[in-house]
Amino acid sequence: SQQGEEDPQALSIQEGENATMNCSYKTSINNLQWYRQNSGRGLVHLILIRSNEREKHSGRLRVTLDTSKKSSSLLITASRAADTASYFCATVEGAQKLVFGQGTRLTINP
Amino acid sequence: DGGITQSPKYLFRKEGQNVTLSCEQNLNHDAMYWYRQDPGQGLRLIYYSQIVNDFQKGDIAEGYSVSREKKESFPLTVTSAQKNPTAFYLCASSRTGVAGANVLTFGAGSRLTVL
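For the protein sequence lines, the chains are D and H, in the order given. Counting along the first sequence from 1, when you hit position 93 you're at 93 in our numbering, and nothing is skipped either side. Positions in the second sequence are counted from 1; adding 110 to them yields our numbering.
Hints listed in this document are in silico derivations from the structure and should not be mistaken for laboratory results. Among the hints, a few may not be true.
As the list claims (entries may be wrong) - DSSO-like mimics (lysine-lysine), calculated; alpha carbons at most 30 Å apart, straight line:
no., chain 1, residue 1, chain 2, residue 2
1, H, K167, D, K26
2, H, K167, D, K97
3, D, K97, H, K193
4, H, K181, D, K97
5, H, K119, D, K97
6, H, K181, D, K70
7, H, K167, H, K119
Use the sequences and the hints to build the structure in full.
So this is what it looks like as structure tokens:
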């Protein structure tokens, strides 16, 4: 099953610009998470937003959640070359299953 | 340092052979997971375990087997019945319950190539 779908699939921007990626999901959620994956590596948890929260910040990251539209967005401000990675949203399905979207491949050009 | 160790990092297998991927964690997490990732794709859940001696099939369990004899260890065997095993395999763990909120800690992955 595929709960989340990220959009766009790929994004290329210049260093210093902001990057926005979106995630849509299908069923009701308790929380939604965003993860980052550098090429050929494991995923790293970035931020979790609960269903009763609308916005959350962590450093240069800002996540929003709209449960009425079943969507979330991840904004990375003042992007750096080191932000080049794939970004995944994930939601819980069933008792303990975390289901991931297809991911957005972000490239930051120097 | 606490974390998850996967081994080997790279593995080559001939068709018809079974291979076992190791996953060990020292985070004292109750739950452990195996995901498969194909190039340019998201993660698909193979198996997960919430407690020792218990595990459940994920979305793509056919051709795979697991065991959970110890809290720290969750090895994955890719059997010859798996028709297309070449992929990147990721192990993860999490605390259970509301406090854990299903936040996963991942290992660095094992890349399996069938020759």
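Requested in this report: Would you check the hint for K167/H and K119/H, treating anything up to 30 Å between C-alpha atoms as holding?
Outcome: Measuring from Cα to Cα gives roughly 24 Å; hence the hint holds.
Requested in this report: Sort out whether K193/H lies within 30 Å of K97/D, counting only the CA atoms.
Outcome: Given that 30 Å is the threshold and the Cα spacing comes to 24 Å, the pair holds.
Requested in this report: Verify the proposed pairing of K181/H with K97/D, using a straight-line Cα cut of 30 Å.
Outcome: holds (18 Å)
Query raised in the report: Keeping to a limit of 30 Å between CA atoms, is the pair of K119/H and K97/D held or broken?
Result: holds (25 Å)
Query - 30 Å Cα cutoff - pair K181/H, K70/D - result: violated (36 Å)
Query raised in the report: CA of K167/H to CA of K97/D, is that 30 Å or under?
Result: holds (10 Å)
Query raised in the report: Are the Cα atoms of K167/H and K26/D separated by 30 Å or less?
Result: holds (22 Å)
Against the hints set out earlier in the document, a violation occurs for number 6 only.
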